[in-house]
Amino acid sequence: MWLVRPAQPQDIEGIMKLAAEHCSQLSSTVPKTREGLEARIELSSNSFSGALGPDQCQRFLFVLVDSRDQQVQGVAGIDGRAGNGQPFYNYRMDALIHSSHELGVSRRVDVLYPSHALTGRTLLGAFVIAPGLCDSDAFELLSRARLVFIASHRDWFSDDMAVEIQGIQTEHGEVPFWDSLGRHFFDMDFETADRYSGMLSKTFIAELMPPNPIYVTLLSGAAQQALGQAHPATRRSVSLLQQEGFHGGSYVDIFDGGPVLEVRTSNLKTLVTCQRKSLRASDAEDGEQCLLACGQGADFRCTLAGISESLNEVIRAPLSVLHGLGCESGEDVMVAPL
Amino acid sequence: MLLIRPLQSGDLDDLMAMAEAAGKGLTTLPANRDLLRQKITQAQDSFNQRCEPEAGLFLFALEDTELTRCVGISGIQARVGLDEVFYNYRVSTTVNASRELGVHVRTPTLHLTNDMTDTTEICSLLLSASHRKGGNGLLLSRCRFMYLDDFRRHFSDKVFAEMRGVSDAEGHSPLWDALGSRFFDMEFGQADYLTGIGQKAFIAELMPKYPIYLPLLPAPAREVIGRVHENTAPALRMLREEGFNFNGLVDIFDGGPVVEAFIHNIRTVRESVNRHVLLRHKPLDQEVPAGERVMVSNRSFRDFRVTTVPAYCISPDTISLPPDVAEALEVESGDLVRLAPLKDAGPAPIHAAGG
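These protein sequence lines map, in sequence, to chains A and B. Here the first sequence stands for residues 1 to 338, where the numbers follow full-length UniProt numbering. Here the second sequence stands for residues 1 to 355, where the numbers follow full-length UniProt numbering.
Keep in mind that a hint or two might mislead.
With a cut-off of at most 20 Å between alpha-carbon atoms, the simulated DMTMM-like pairs for lysine to aspartate or glutamate come out as follows [stated by the list, open to error]:
id: 1; chain 1: B; residue 1: K343; chain 2: B; residue 2: D303
id: 2; chain 1: A; residue 1: K32; chain 2: A; residue 2: D55
id: 3; chain 1: A; residue 1: K202; chain 2: B; residue 2: E100
id: 4; chain 1: B; residue 1: K158; chain 2: B; residue 2: E241
id: 5; chain 1: A; residue 1: K269; chain 2: A; residue 2: D137
id: 6; chain 1: A; residue 1: K17; chain 2: A; residue 2: D66
id: 7; chain 1: B; residue 1: K209; chain 2: A; residue 2: E331
id: 8; chain 1: A; residue 1: K17; chain 2: A; residue 2: E42
id: 9; chain 1: B; residue 1: K209; chain 2: A; residue 2: D66
Chain A is faced by these chain B residues, among others (derived, beta-carbon under 8 Å) [stated by the list, open to error]:
id: 10; residue: S92
id: 11; residue: N96
id: 12; residue: E100
id: 13; residue: L101
id: 14; residue: V103
id: 15; residue: T107
id: 16; residue: F183
id: 17; residue: P208
id: 18; residue: Y210
id: 19; residue: P215
id: 20; residue: L217
Hint data in this document are derived by calculation from the structure and do not stem from the laboratory. Note that the structure is predicted; figures quoted are calculated from it, not measured. For glycine and all other residues, C-beta sits at the position ideal for the given N, C-alpha and C.
With these hints in hand, go ahead and build the complete structure from the sequences.
What follows is the structure, encoded as structure tokens:
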């Protein structure tokens, strides 16, 4: 049985292994060093336990495990407030109309404005999954378990959410948007900048990022094409997020030009459709596949289960699911359809 | 004799012919008959003080008195940017540095400015190919400094010139192709022409207002910023010798440099002296090389005239002029005229002659 639960110190080996194997192409906000990861898991544990409040940079890290062997097969995160107390950087894509009445000329000029407007929004991130599971329901479980968590801890999170989607990168690892823009100012290659971004405070961005707006027309053709485009490897993620109600807005990543998707938290499909029910065991092994979550804070668990719907406030799932979740008959659970 | 005098309406045909021959690249004198007529009128109003001092446009003609034809023109715009907006890019430096990462990056950046507003510009220099010799270009250019010097209160303390930037034989400017053309749906020549005929409003409406980071432009465009067209190199050299320096501003279209100098620092101004006219009936040797000639001005605001005479005409208190020269300058014996070396040739001949 697949289970999503808060990351714990004993998951470090598994997360590092997963990240080393599958993160080489995909940029991610999962720390790549052991120390970084230890600190991140500790921060996450304090966030789940409630030791840190919503205004204290809560950062949640979930793992996807197979309940039989507890092997980590995926990681996903939520930052309670984008920027974690520091400015959160994006470019806002905007347009100006340069028009001359006298000459009868009117021209749309696309401009990228440095922006901190998304600072403080709840941010999804740090998503890594074993490649073998890319087409499985476990993928959806890992991604949406976070939303179920948000639904069951609604007042920890902000009213608007965002998620940064990785941008275009060639198979040789070149990032056209970076090469046309950021490289000139940061004087480093994309991997280095990306690594610093995950590792260091954001001070270096404030210090090195060009302070003025950027005219899109002055970027290279490849960079213009990459602007606001998601990396093909993110297709499944993006499509899931879109089904949830996330949509591409006017923000892009400052490093690779990848899109930032946004949504009103209260409009998320998972939040709208999930219900609080009382869980009972059933004998039937089949039923409608649903996301099923129980527990508050550090005890949060989410899995996929065949639910046999019953009347009123009660749903039934196989006994093995109750064991897997570690909950007892009659306990309150959150349930959301796949 | 070659004589500098105010441009007159009779010069229109000669002026039109010169403007046509000059072709593209001469922003301030487009080959447009109505516009040139208008400029001549404006110049006459300026010399006769029929317009506000700030609106002054002083255009000087170089007349070949034997051909009775205007063979060159040069001008002074008393103030730029008063009834229109005068744009330049300032080439400045943006530094982004992170001590933590040991990164220190200098990014040359173009900022759109109106910094030359209310400053005097020397402009519109044009010389017929037939007369590009014997210091005629120097006379046409430097006579303006004598005028600026004698009538300083009409001008700003500082004077500048916009130098033509780099473009190829077809009139393509690398900077325009990389920058201007991205924002203006037109050819460089058309934009330049519209600027020349005073339809500048479109610039404000279509220009990018935010700073341009140079690393975003291709190398050929970056390389021409602050550089002059090869045909303009001699003019730039001449102005440098006069004490003009690049002031960090460039043309928004072709990236040509702006050079400037304080009037009191201009070499012609510093080296000029006054002498009384002494009429002497002895014809002048017109074949004296430019390095041994001096400019003589009649110091008239309304009917400014300058010609050159050999330096040997100068004596400690006077300058001897033959009657035809005095007549051309409209001066009489005893009048005070101003002298300045035509060409920089070591120790100034004026002073060597006892000034």
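Against the structure, the hints come out as follows:
1. K343(B) / D303(B): Distance ~24 Å between K343(B) and D303(B) Cα, so the pair is violated.
2. K32(A) / D55(A): Violated, at about 26 Å.
3. K202(A) / E100(B): Measuring from Cα to Cα gives roughly 11 Å; hence the hint holds.
4. K158(B) / E241(B): 16 Å, holds
5. K269(A) / D137(A): 17 Å, holds
6. K17(A) / D66(A): Holds: K17(A) and D66(A) sit about 15 Å apart, inside 20 Å.
7. K209(B) / E331(A): With a Cα-Cα distance of about 62 Å, the restraint between K209(B) and E331(A) is violated, given a limit of 20 Å.
8. K17(A) / E42(A): Cα-Cα ~19 Å, so holds.
9. K209(B) / D66(A): 57 Å, violated
10. S92: 12 Å, violated
11. N96: With a closest approach of 4 Å, the N96(B) hint holds.
12. E100: Hint on E100(B): holds, closest Cβ of chain A at ~6 Å, below 8 Å.
13. L101: It holds, given that the least Cβ distance between L101(B) and chain A is near 6 Å, below 8 Å.
14. V103: Holds. Min distance 5 Å.
15. T107: Since the shortest Cβ distance to chain A is 6 Å, the answer is holds.
16. F183: 6 Å, holds
17. P208: 6 Å, holds
18. Y210: 5 Å, holds
19. P215: 4 Å, holds
20. L217: Hint on L217(B): holds, closest Cβ of chain A at ~7 Å, below 8 Å.
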